[in-house]
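J.: Residues 1 to 516 (our numbering) make up the sequence shown, in order.
Don't read these hints as lab results, they were simulated from the structure. Worth double-checking, as some hints may not be accurate.
[Said to hold, decoys possible] Dumping the calculated DSS-like pairs for lysine-lysine here, alpha-carbon to alpha-carbon at most 25 Å: (1) LYS424 to LYS480; (2) LYS472 to LYS276; (3) LYS445 to LYS229; (4) LYS255 to LYS276; (5) LYS192 to LYS394; (6) LYS192 to LYS229; (7) LYS424 to LYS394; (8) LYS201 to LYS175; (9) LYS95 to LYS69; (10) LYS229 to LYS269; (11) LYS445 to LYS201; (12) LYS394 to LYS480; (13) LYS255 to LYS229; (14) LYS480 to LYS195; (15) LYS472 to LYS175; (16) LYS192 to LYS445; (17) LYS175 to LYS192; (18) LYS445 to LYS269; (19) LYS175 to LYS269; (20) LYS175 to LYS445; (21) LYS269 to LYS255; (22) LYS201 to LYS472.
[As the list claims (entries may be wrong)] Each pair of labels, with its calculated beta carbon distance range: (23) GLU305 to LYS276: 43 to 53 Å; (24) GLU249 to LEU196: 44 to 54 Å; (25) LEU196 to ALA302: 41 to 51 Å; (26) LEU178 to GLU305: 49 to 59 Å.
The model shown is predicted, which means the values in this text are computed figures rather than measured ones. Quick reminder that beta carbons are idealized off the backbone N, C-alpha and C, glycines included.
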Amino acid sequence: MSDDEEVQYVKKTKTIHYGSLEESEKNRLEAEEENSNDSETPAASAGQVQLSIWSSEYMELEDAMSRDKQALLEEFERRRKARSINVSTDDAEVKRNLRQLGEPICLFGEGPVDRRSRLRDILSRIGEDAVIRREAEEERKLFEKDQETTWYHEGPESLRIARLSIAQYSLPRAKARLEEARRMLNIPAATKTAKLQEVQKRLQAMSIYSSQIGDTRPISFCEFSPNSKLLATASWSGLCKVWSVPDCELVQTLKGHTCNVGAIVFHPKATLDQEKTICNMASCAADGSVKLWDFTSEEPIADIEGHMPHRVSRLAFHPSGRFLGTCCYDNSWRLWDLEQCTEVLHQEGHVKPVHCISFQIDGSVCATGGLDSFGRVWDLRTGRCIMFMEGHLKSILGICFSPNGYHIATASEDNSCKIWDLRKRSVLYTIPAHTNLISDVKFQKESGSYLVTASYDNTVKLWTNRTWQPLKTLSGHDGKIMSADISPDDQYIATSSYDRTFKIWAPENTYLLCLS
1 MSDDEEVQYV KKTKTIHYGS LEESEKNRLE AEEENSNDSE TPAASAGQVQ LSIWSSEYME
61 LEDAMSRDKQ ALLEEFERRR KARSINVSTD DAEVKRNLRQ LGEPICLFGE GPVDRRSRLR
121 DILSRIGEDA VIRREAEEER KLFEKDQETT WYHEGPESLR IARLSIAQYS LPRAKARLEE
181 ARRMLNIPAA TKTAKLQEVQ KRLQAMSIYS SQIGDTRPIS FCEFSPNSKL LATASWSGLC
241 KVWSVPDCEL VQTLKGHTCN VGAIVFHPKA TLDQEKTICN MASCAADGSV KLWDFTSEEP
301 IADIEGHMPH RVSRLAFHPS GRFLGTCCYD NSWRLWDLEQ CTEVLHQEGH VKPVHCISFQ
361 IDGSVCATGG LDSFGRVWDL RTGRCIMFME GHLKSILGIC FSPNGYHIAT ASEDNSCKIW
421 DLRKRSVLYT IPAHTNLISD VKFQKESGSY LVTASYDNTV KLWTNRTWQP LKTLSGHDGK
481 IMSADISPDD QYIATSSYDR TFKIWAPENT YLLCLS
């Protein structure tokens, strides 16, 4: 080969490999070509250029082979990892995993098997981090599931004693109540209807019997004594007062609270067969104080501590009189054993403050209502929540068990009253009762033949217990009504109001009999 032919071969070689060289290498070769054209020894210059080109080509080919080999090894490693990755056979779980990875959960024409293979391929490509994140997510789900599980632990000896006492008290009463219910089934329907009509006629004749200014601030609560001859009222002034019924004469003033009193209740045996010098009443206030009272002193005989600084809105005596339930704004309610002088139960379960409580007539269960709009029924013998009442749109402000033992009425801020059936564990009826929030609800205490609701629309309404239809609207207060109660002898209805008065309602014939 001549020198000229060799130079032409080098030029062709350079032209062929320009496409595979980088831009910097091309510039360098062009500069060397110009220098070779100007040189006095073309053959020597061409040899140097050819050597340089062959060296570059060899290095590039070696690098390419090295990269291909590395890529091939990585692909083998990825496929090995893919085979070792465990992917769920549940198609819904596969879709959830794809969604967590930001991938489409389904491609056109893709079946469950293809989707599972695609997930395995994606997990193998993005490395171990995704697997670690997926395992962490599974652990988090397991933890949340454990959190939802109800855990029980051994309670104190005082709780065991209290539950045994409640069981021994409630079982005979439940048996007697069921026997009475069976006896009532044998009464002719005509007799039942006649009695119901008589009750409804008497309720429709209800009117104001007496009215009294109870305090200088709103009267927040009222309750009749077990013998129906006394009425206790609680005020935002911090005072509690006891009045005679029906003439509304002041009998006793209870001084001890320093802020708004939420409720005052009578002991189940007070005014019946219990001494006046022991605990006959209990009251609670917004500062978390709970006080016990007798009938002989203006000062409390005992304080129940443990709620402060949270508000105590309502409280109630257990039918046995031994226990006291309190509703606290720390999202819990408490059960106090007055014989052991200790708190035996601090029950959580509501997600917002617990506002009201009611014990079943047997004493075996109690119901609580909270500002979370939910109600719960608790078995006092086991501590379990046996019914969850969901349906109100706003806070539950009042709750009451019927004497039949299985109907529960709830009063809500959503202006409605719901009737629940403990046997069915569901809502039985919804009463669109008032045009403003319902502050209190009470069943007639002897047989539950009617229902009373008190509202911030300044009225009290009476409802039949069969069809839950309105019987009577009691109007007379100038302010919103904060509480209502029915006397145990079924002769009177008491209401307390924001207008600082309380009123006693009775049928018109009762008023005429008193005048005569």
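J.: For every hint, state whether the structure bears it out.
T.: Results of checking the hints against the structure:
no.: 1; hint: LYS424 to LYS480; result: 34 Å, violated
no.: 2; hint: LYS472 to LYS276; result: 37 Å, violated
no.: 3; hint: LYS445 to LYS229; result: 15 Å, holds
no.: 4; hint: LYS255 to LYS276; result: 17 Å, holds
no.: 5; hint: LYS192 to LYS394; result: 37 Å, violated
no.: 6; hint: LYS192 to LYS229; result: 29 Å, violated
no.: 7; hint: LYS424 to LYS394; result: 23 Å, holds
no.: 8; hint: LYS201 to LYS175; result: 33 Å, violated
no.: 9; hint: LYS95 to LYS69; result: 35 Å, violated
no.: 10; hint: LYS229 to LYS269; result: 13 Å, holds
no.: 11; hint: LYS445 to LYS201; result: 18 Å, holds
no.: 12; hint: LYS394 to LYS480; result: 18 Å, holds
no.: 13; hint: LYS255 to LYS229; result: 22 Å, holds
no.: 14; hint: LYS480 to LYS195; result: 33 Å, violated
no.: 15; hint: LYS472 to LYS175; result: 35 Å, violated
no.: 16; hint: LYS192 to LYS445; result: 18 Å, holds
no.: 17; hint: LYS175 to LYS192; result: 23 Å, holds
no.: 18; hint: LYS445 to LYS269; result: 15 Å, holds
no.: 19; hint: LYS175 to LYS269; result: 21 Å, holds
no.: 20; hint: LYS175 to LYS445; result: 19 Å, holds
no.: 21; hint: LYS269 to LYS255; result: 23 Å, holds
no.: 22; hint: LYS201 to LYS472; result: 10 Å, holds
no.: 23; hint: GLU305 to LYS276: 43 to 53 Å; result: 25 Å, violated
no.: 24; hint: GLU249 to LEU196: 44 to 54 Å; result: 35 Å, violated
no.: 25; hint: LEU196 to ALA302: 41 to 51 Å; result: 44 Å, holds
no.: 26; hint: LEU178 to GLU305: 49 to 59 Å; result: 40 Å, violated
Hint violations for this structure: numbers 1, 2, 5, 6, 8, 9, 14, 15, 23, 24, 26, all remaining hints satisfied.
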